[in-house]
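Trainee: Okay, here's what each chain looks like letter by letter:
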Amino acid sequence: MPDTHALVNDFLNKLKKRKIEGSKATAKLTAELLRSVISQQRLPHTNQAGALIHAIKAIGEQLTAANSVEVAVGNIVRRVLHIIREEDVSLTTASIGGLSLQGLSDDEEDNPLVSAAAAAAAARTTLRPPSLQTLLEDMPPHSAAAAAIPHSSSSAGDSEDKTKSTDKNSRSRKLKHNVIETVNELIQEIATCHEQIAEQAVEHIHQNEVILTLGSSGTVIKFLCAAKEKKRSFRVFVAEGAPRYQGHTLAKELVSRGLQTTVITDSAVFAMISRVNMVIVGAHAVMANGGVIAPVGLNMVALAAQRHAVPFVVLAGIHKLCPLYPHNPEVLLNELKSPSELLDFGELSDCMDFSTGTGPPLLHVANPAFDYVPPKLVSLFITDTGGHNPSYMYRLIADYYSADDLVLQQRPTC
Amino acid sequence: MGAKKGGKLDDGVDDMPHVPLKAILLADSFTTKFRPITLECPKVLLPIVNTPMIDYTLAWLESADVEEVFVFCSSHSKQIIDYLKSKWVSKSTFSVTPIESLNCISAGDALRFVYEKTVINGGDFVLISGDTVSNMVLTEALQEHKERRQKDKNAVMTMVIKQSKPSQITGQTRLGTDELFMAINPATKQLLYYDENSDNLKRNLTLDKTFLAESPSISLHNDKQDCYIDICSFEVLSLFTDNFDYQHLRRHFVKGLLVDDIMGYKIFTHEIHSDYAARIDNFRSYDSISKDIIQRWTYPFVPDVQFSMNNPTNLGRRGIYQASDISLSRSAEIGPFTYIGKGSSIGGNTVISNSVIGDGCKIGGNCFIDGCYIWNNVTIEDGCNLKQAILCDGAVMRSRSVLEPGVVLSFNVVVGQEFVVPAYSKVSLLPQPVEEDSDEELEYADNNNSGIIHAIENGNSSSEWESSEIGVGGRGFIWSISEVDQEEEWRHSVAPIPESKLIELAQMALENLEIGTEDNNVFATMDEQESGNESDDETRDEAQIFEKEIEATFLRGVHENVKEDHIILEVNSLRLSYNVALETCASALFYSMMKLALDTPHNSAAVLVKNVKDVVSRWGKLLKPYVQGVDDEIEVIMKFEEICVEDGKEFAPLFVQILHLLYDIDIIQEEAILNWANEKEGADEADKVFVKQAEKFIQWLNEASEEED
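Order-wise, the sequence lines are chains A and B.
UniProt numbering numbers the first residue of the first sequence as 1 and each following residue consecutively.
UniProt numbering numbers the first residue of the second sequence as 1 and each following residue consecutively.
Just chain A, same shape as in the assembly (with noise of 0.2 Å):
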């Protein structure tokens, strides 16, 4: 499939080059090119889902080796493996049921068969730990496969090999219609999350309630705006978050708004912190233990909050959501950028004459994208599904990313 593959290398080059970046764009474009590989991956007759996971780990392992800073790749691939395990156990339990309907009436030696898939269904059901999730996503495909019954079950009068061939076909075209409904779905999640976040920020924010936030995020914007347009009035103040300064563009949308808004310095937080009734901020990345990778200066501002015991109340769409946890040895928890955003170069030029100065370079700059934020700094979080303690996170996790995913890499011996 050369068409994909210059797909995938194309978006391979992007996240290289850094030339996507955001976690809502890669996860959406991330998202966008699995679908099109699935499409177009060409099935063989027997362990389609095996062969479907295959490819899609293979790209995965090079997507997330792209560029291991932005998680929600991984996290993505992550999710659409998930659902074509899904979508094949759900195929798998529907043909069992139409199988055992054939067993009742022909009395078969397909047993031994019947009994394997039936074990290894059970198995995944108590790998699973049970939750409401689970238990709502399960349903619609149930309903799906008991649909497609009687479909099999009306050509099972020929012969025992076609009828097996012909099921096959048609589950495997089957598995990549709903793998790819899914994914759809997944997507349109995506694309809707700030939306489906901003919904619930009335019963966050109260009136004449004073908010503070560092630099800027999309979900901040649309959820401040979104509490403003039901009528909420309420105050803003915006630390600036050096060195991009994004604080500075959020400001001045909130005012086009028509919000209160005091801007001030990163390190006027812990001064402001009294005044303030609650944080809300966003992320780069929510990991499985409930901590946080954020934009710089946040773990300053969640202990200025504890420190008063204001609320921090961080905002992530579920595709921000990674199964990992922050001391494992694939997440990179951080990206140093140039240091030019901090420092002119030509203005210190002199202090980097490496040709008089004797010894190392003196002077270092650093200038990390990231902060670490722990989880028991963080009160509350809300996604696209609601308000979450930080301990829940790992029951979300097994919601939504099965086990078997979790590392990306392939063994090189197998």
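No lab work stands behind these hints, which were simulated from the structure alone.
Backbone N, C-alpha and C define an ideal beta-carbon position, used for all residues, glycine too.
Honestly, I wouldn't trust all of these hints.
[Said to hold, decoys possible] Sample of chain A residues at the chain B side, in silico, Cβ under 8 Å:
{"no.": "1", "residue": "Arg-18"}
{"no.": "2", "residue": "Gln-62"}
{"no.": "3", "residue": "Ala-65"}
{"no.": "4", "residue": "Ser-349"}
With chain A held as given, fit chain B onto it using these hints.
Mentor: Positioned in the frame of chain A, the structure of chain B alone reads:
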């Protein structure tokens, strides 16, 4: 980030049809600064932080929305074309087309050749050399250029400049280039004057009066660095064709336009601030730019971002970059700002800091590596010591060998066991070409050199290297450096300038400043005393400077225990540059000796005499070449008198003793003393103090000579 902005700005010029932005990349610097490495490999393919230079340039051009790049290759063109084919050709949105010409010997020739090829037909293009590292956003500069062009058809070129203060002491920038003087009209940013090789001793420049007449204000800069990124209009190519004698981009083309005022064409500048742009011009800039890349000023073109299919690399704390498959001994100590390439192994107790180590290198135990650039597949055995050196692919250092600062080992050189390669040496498997063209700008003869390479590769078995210049079992020739280059070597080396050199330069700079201004040293008194004399101020100043210079040279010789011959050599060169007589040298040297003796701690006259004796007997030989006749000797005695009167009053009572001493060790002959006494016969009473003091001695001498007769 840059790309995003670029997209927006591009929409702004919607009224014009979309013209793909083109670039001409010169994959040849037409210089010999990277010899001997460039004899075997083209400069643009040399790795900087483990990625070939041309990758940085091409990756930047790609990110800056350039769509077509024409790579001009001359020397080693085959290697470059093969490389481009393997990596850069075959991209849909970014086309790289090599243009090959084997007989171009300058940038001018190259551009004329490109013009003939008619690949650029109208429209603007970016002119850049293949050794440029940058992350600047081009759109703004392009926009400015376009707008200017619409107003003024004669604005043919926009030159990118960047702030960079040159060092006060060495007069060169951190990139090792000479101080650059530019006159710019601050309002229009038009470049009015450009002078890059100004004599830093003179420190003066002449501007045309008409500049001021034409523009209300001129800003004169010496703190700007030329990034060698030019946005040119099509006319530039035809200008090169019209003026077939233009060779060098700056020296001929820019100066030609500015001075000769051809058809009223104008050059403008665009200054970048937070963006990075620099050209790897010499080994010094190779060092500086490597450090900038490691310190991430060139983001996103840094090792841990895979901008050109480079190996995935992890950035750890303290700026340590590590690629995959590294085997690192537990006791090895990796210092800050170090890059270690894929598959390299490092032995126990090895200390590495501020260095770049390429792919597949094998480094033994107990090595010390600081500030080195080690390319791929280099073997360093146990106990080696390397400081600020460059080791090309395949170089081998046998156990316990040492590289002193500034050494360059070219491809596959082997340094023998326990051999110490002296500072600033350049070692290559190829013999140094016999003084081909003294014209330093031109890199000819690369094609016929390939013959030599093959001869060496095929013909030379290991036995032929037995009597190698670089130790037992070593392979390679140490290239000899001519006398003139020796002086310049430290300026452009990877090694920092040695401290002694800096002190020397600082003193020189200080002296230059102090001429005509206040003096607070020994000579202040002399100034006052002699101010009444009619002696020409200027020559006296010259003499003083000379004397001070000699003293500095001598003292350095004493402290560093330099051989007499070398000091004599230096004194000679000083004598030539200041154009003074032999006897002046003699008296100056003598003065420095006495000063040394006086400055050595002493508490009694006897000790002082002993000091003098020590100094004179140790360093007396220095006077020999300058004291050749009786007249010279008299000059020395008179100088001694002067010392006794002026700043060495302590010597006054010891005059005779020391005179005797000088006589004893044959610095001064009796004839000279007697002549001196005779000369003084008719002098003032005041002048005769010392003659009187020496009366007895002279008498004794007289008697002695009479006896001999």
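Trainee: Each of the hints needs a verdict: does it hold here or not?
Mentor: So, going through the hints one by one against the coordinates:
1. Arg-18: Where the cut-off is 8 Å and the nearest Cβ of chain B is about 5 Å from Arg-18/A, the hint holds.
2. Gln-62: 11 Å, violated
3. Ala-65: 6 Å, holds
4. Ser-349: 4 Å, holds
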